[in-house]
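Generate the whole structure from the sequences, applying the supplied hints.
The chain contents come next:
Protein chains: 6
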Amino acid sequence: MSRLFSLILVIVFASEAVSALDFCVADLKGPQTPAGYTCKSPANVTVDDFVFSGLAKAGNTANLIKAAVTPAFDAQFPGVNGLGLSIARLDLAVGGVIPMHTHPGANELLVVTQGKILAGFISSANSVYYKTLNKGEVMLFPQGLLHFQINAAGVTSVAFVSFSSPNPGLQITDFAFFANDLPSKIVETTTFLDDAQVKKLKGVLGGTN
Amino acid sequence: MSRLFSLILVIVFASEAVSALDFCVADLKGPQTPAGYTCKSPANVTVDDFVFSGLAKAGNTANLIKAAVTPAFDAQFPGVNGLGLSIARLDLAVGGVIPMHTHPGANELLVVTQGKILAGFISSANSVYYKTLNKGEVMLFPQGLLHFQINAAGVTSVAFVSFSSPNPGLQITDFAFFANDLPSKIVETTTFLDDAQVKKLKGVLGGTN
Amino acid sequence: MSRLFSLILVIVFASEAVSALDFCVADLKGPQTPAGYTCKSPANVTVDDFVFSGLAKAGNTANLIKAAVTPAFDAQFPGVNGLGLSIARLDLAVGGVIPMHTHPGANELLVVTQGKILAGFISSANSVYYKTLNKGEVMLFPQGLLHFQINAAGVTSVAFVSFSSPNPGLQITDFAFFANDLPSKIVETTTFLDDAQVKKLKGVLGGTN
Amino acid sequence: MSRLFSLILVIVFASEAVSALDFCVADLKGPQTPAGYTCKSPANVTVDDFVFSGLAKAGNTANLIKAAVTPAFDAQFPGVNGLGLSIARLDLAVGGVIPMHTHPGANELLVVTQGKILAGFISSANSVYYKTLNKGEVMLFPQGLLHFQINAAGVTSVAFVSFSSPNPGLQITDFAFFANDLPSKIVETTTFLDDAQVKKLKGVLGGTN
Amino acid sequence: MSRLFSLILVIVFASEAVSALDFCVADLKGPQTPAGYTCKSPANVTVDDFVFSGLAKAGNTANLIKAAVTPAFDAQFPGVNGLGLSIARLDLAVGGVIPMHTHPGANELLVVTQGKILAGFISSANSVYYKTLNKGEVMLFPQGLLHFQINAAGVTSVAFVSFSSPNPGLQITDFAFFANDLPSKIVETTTFLDDAQVKKLKGVLGGTN
Amino acid sequence: MSRLFSLILVIVFASEAVSALDFCVADLKGPQTPAGYTCKSPANVTVDDFVFSGLAKAGNTANLIKAAVTPAFDAQFPGVNGLGLSIARLDLAVGGVIPMHTHPGANELLVVTQGKILAGFISSANSVYYKTLNKGEVMLFPQGLLHFQINAAGVTSVAFVSFSSPNPGLQITDFAFFANDLPSKIVETTTFLDDAQVKKLKGVLGGTN
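Chains as they are written, first to last, in the UniProt record's numbering: chain A, 1 to 209; chain B, 1 to 209; chain C, 1 to 209; chain D, 1 to 209; chain E, 1 to 209; chain F, 1 to 209.
No lab work stands behind these hints, which were simulated from the structure alone.
Be a bit skeptical, because a hint or two may be false.
[Said to hold, decoys possible] Straight line, CA to CA, 30 Å or less: simulated DSBU-like cross-link-like pairs of lysine-lysine:
1. C:Lys185 with E:Lys199
2. E:Lys116 with C:Lys199
3. B:Lys135 with F:Lys135
4. B:Lys185 with A:Lys200
5. C:Lys199 with C:Lys66
6. F:Lys199 with D:Lys131
7. A:Lys116 with C:Lys116
8. E:Lys199 with C:Lys116
9. A:Lys57 with C:Lys116
Quantities reported herein were computed from a predicted structural model and do not represent experimental measurements.
Structure (structure tokens):
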């Protein structure tokens, strides 16, 4: 029976290609496309392409925001390529904050696994939605909208955040305004911030012009 | 021949439904779905559902930003529902500016039809891309990224901006930070702006807390 | 300034519809569509539509599989509607197992938050990918492929699983074969299982015929 | 065991909604959306929603084109709603022809099940691809491109055509030009056809103006 | 006139790229992407890229399941690449059966062209939908759900099955469980099948461990 | 602070890949995929990839249709690759006409910026929708449907047309029927046009056979 079954198997799986689109592990050395990276040959794929260990330890929060974001996006975890999903770990030490930011390419779903986090987002209609989340609670942040997370516990808080894309992008407003060479004059004209404020934050964040 | 042809016609177009998905003009009184509004019955659709005259005249720029955005999104122009496209008109008087903002739901393509516009966007990598555009020049602003437009002419400038969604959304950073009841303390913690700066702009834009 | 700014605001946000597609919180009493539920009116949406507390406590594992799956899919957590994301919590007591199953509608990404889990999936090419995952490790399970999770620790293990759809579906193979009225004869013909085996499991799982 | 398993079952399938998106059988009396019809309640769905018998008998080819198209699109076969697939049957009597047409909403895949068919399409680059297909042969017609089928056998030919949409649409060029009230003057200006030719075909196909 | 028309033609079709996305015939030697294979140059495409003759003759049913599946997926029929469609031929000799399986990547639509077929599927809610189909009848099998086909005629039955993807995948449950090196212990723990049953089918299907 | 912030920046933007999918400027020398061209390395992208100047001047209307279409599709404007948008400029001299055509791959949105244009389309149900548009008025043309534009002013008219795809395709009916080697006999059989009419237009447009 086995041999005859196999005949069918041979017909149906005549090409490696048949199984390739079960998944498309990124070939990070290949070109990118609007739909993601080209695929590693299925013949070379192992279970380790589907497992990521980089979120097992805490990110380094010894910085001024007392927080760390550790991504498992396609560039770090090639298995997510083409699957419409990725994940990251947030570590927020006491006093830690993830500054106002957006993900241009994905919706986000956060689950607190340690501590308490004050999290919120602002809609296109400028409505504000925020709440303090306890361990095990989940919150959504729709694609492209400004949001933030602040540690609300007296201990380090941890969360895992899933995204609806293997490459959600990340635009931190302060970095976009102050950490590059966009002329201060343009920043001021388009944000109504005072010149002194712009210059101060450009100084802190390493921006020029 | 006509009668016999018509027999086929009757079979093929037996249901109004067949033609409905050529287009799906929004029934603005119906419920919305993740894919847009429910469709107006094709029997009630006329050419006027596909034509919008609201962009023919200039928006009112007699305001402090000396600029106006006139949208033809699904809520104003129900014909775009489900078609992955919409449009708006920008009027920028002398000194006019469209402040830093994002469209969470669409890419944007701007064409200048009068005057000159200095336009730019900032990528997730904090790179800045900006240029002064002359009449007839086109510029892209990818989805969810911060961007701005400033009149660069000594006269009123006008542009039409197309979007890759019937409802691109619009989040003006200043409005998101300062024009609602998000507590100043949270704004400051998540933006590193000074308290005085936050309070000043909350005052100007009508924010509270 | 505030008043004049607001004029623009009024033009741009003339319709509630503009902000609606930032998100589309499910109206669970409305009809479903191929793209999900119809949307609750944005005017009635509060932060609680974006927060889910049901995963904060452990599922009840006092059953023979010594395991529990607690979903936060659209039917439980209406905020995920239309966002291409959902989440569930797995609790695996000592000896616990999530039996072979598929999610017809989504890719899955698991992160272990307590204990150790032996997890694996089988591809269309019948290749097997499995590994024992420690706390903080992440594993992918591509859409529609058979997979399983087994507690590999001497204590209760916990994981959060994210999905690339608000409604991933769940088909447990044993339930599909043995927990309904599909005639034993058909089950045997299409699975090559022995009659005694089919009858035994139909008995255990409440199937008939 | 059955009872305890069922506990899980109850948790996981707590809502009818969970299974609903396995499929979304069209409620033809409900509204349409850009993604298709609203769904019939899963509780009322039976196997007959997934089976269509209307293609079992030949269409009536006693007409001047000696051909018939029998569709199983969403309006005829509500089970295809939301599934990205539909099907139709072509009957071509001796001398039969399906005139030049496009499907604005779907790619098409034809398989000949009786006789021989000369079929072809024209690309955007005006290249022509045509061939005579024998029984069992398959041909593709990309979305939106002009194509035709002509009986090439001395007997009736039959084919089944699948589409990549539950509602592919159908625009027969002759009907679009000549079977409505589009003024002859406009037809002539935009097609370069002679006035006599336009008037003749308007007459045959029942067009006016 | 021709020459002047051609001037426009030259402008509009200045690049080969314009016509490329009418279709994207797979370059099977190129890399794959999450959206399919890279495209063969349109200049090298001929009608034979859009025609497939491999389904014209019956598959070999001289095996124990007395059935054959002959696919025209992207790997066999490169023209379907990127078109969201593919097709296969089923041959079921007397007593033939296509065992329980899923297509992780596509919905399926079957049309019987010879004989009678008993076909069915099982939903996420464990409901069973099955029926005996006569020649010309059509049945749907939603993506990722277990389904089967059994010859119900005293003669060979034939069907064509269309899929909503150029690469639907195929996971035969018995092959996934018993035709690889997944340890028997894991199979038993995750399926509740008896050790003897698992060992027996592993023996038949060539599995190890 | 800057240095410590930068530590986070380094973690989050560890790979160039993270920012790549903000946009995917086409590498026109690379292969195409069903989702578009492969991406130019983000490191080599400049603002000029997002700006297109080719629509700033009028197309040459010194031809028999007295009209010109100047496209900014992906082949001309690589920045639109993957963004679901493109644009073109229409110039219609006095008496100018854009003949009946379809875009197989995109919806279209036209805005008149000079003069007056009589524009219309025909639905799958053969309904005609047409109107004379003034400067600043906008009209929609759904994907794949036949449409046309005719200058309705005593001066040159100009419009910008946006598309819901970086590569909408363009099939001009007359060119498809008469400007290639499709045999006259087939054209006549599938369009019901008279032999003299077909031969005449083949002559004008350079067709053969």
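We went through each hint and held it up to the structure:
1. C:Lys185 with E:Lys199: Measuring from Cα to Cα gives roughly 21 Å; hence the hint holds.
2. E:Lys116 with C:Lys199: holds, 28 Å
3. B:Lys135 with F:Lys135: It holds: about 16 Å lies between the C-alpha atoms, which stays within 30 Å.
4. B:Lys185 with A:Lys200: Given pair Lys185 (chain B), Lys200 (chain A) holds - Cα atoms ~19 Å apart, limit 30 Å.
5. C:Lys199 with C:Lys66: Status holds; Cα separation ~24 Å.
6. F:Lys199 with D:Lys131: holds, 22 Å
7. A:Lys116 with C:Lys116: holds, 25 Å
8. E:Lys199 with C:Lys116: Holds - the C-alpha atoms of Lys116 (chain C) and Lys199 (chain E) are around 28 Å apart, at most 30 Å.
9. A:Lys57 with C:Lys116: Answer holds: Lys57 (chain A) to Lys116 (chain C) is near 15 Å, not above 30 Å.
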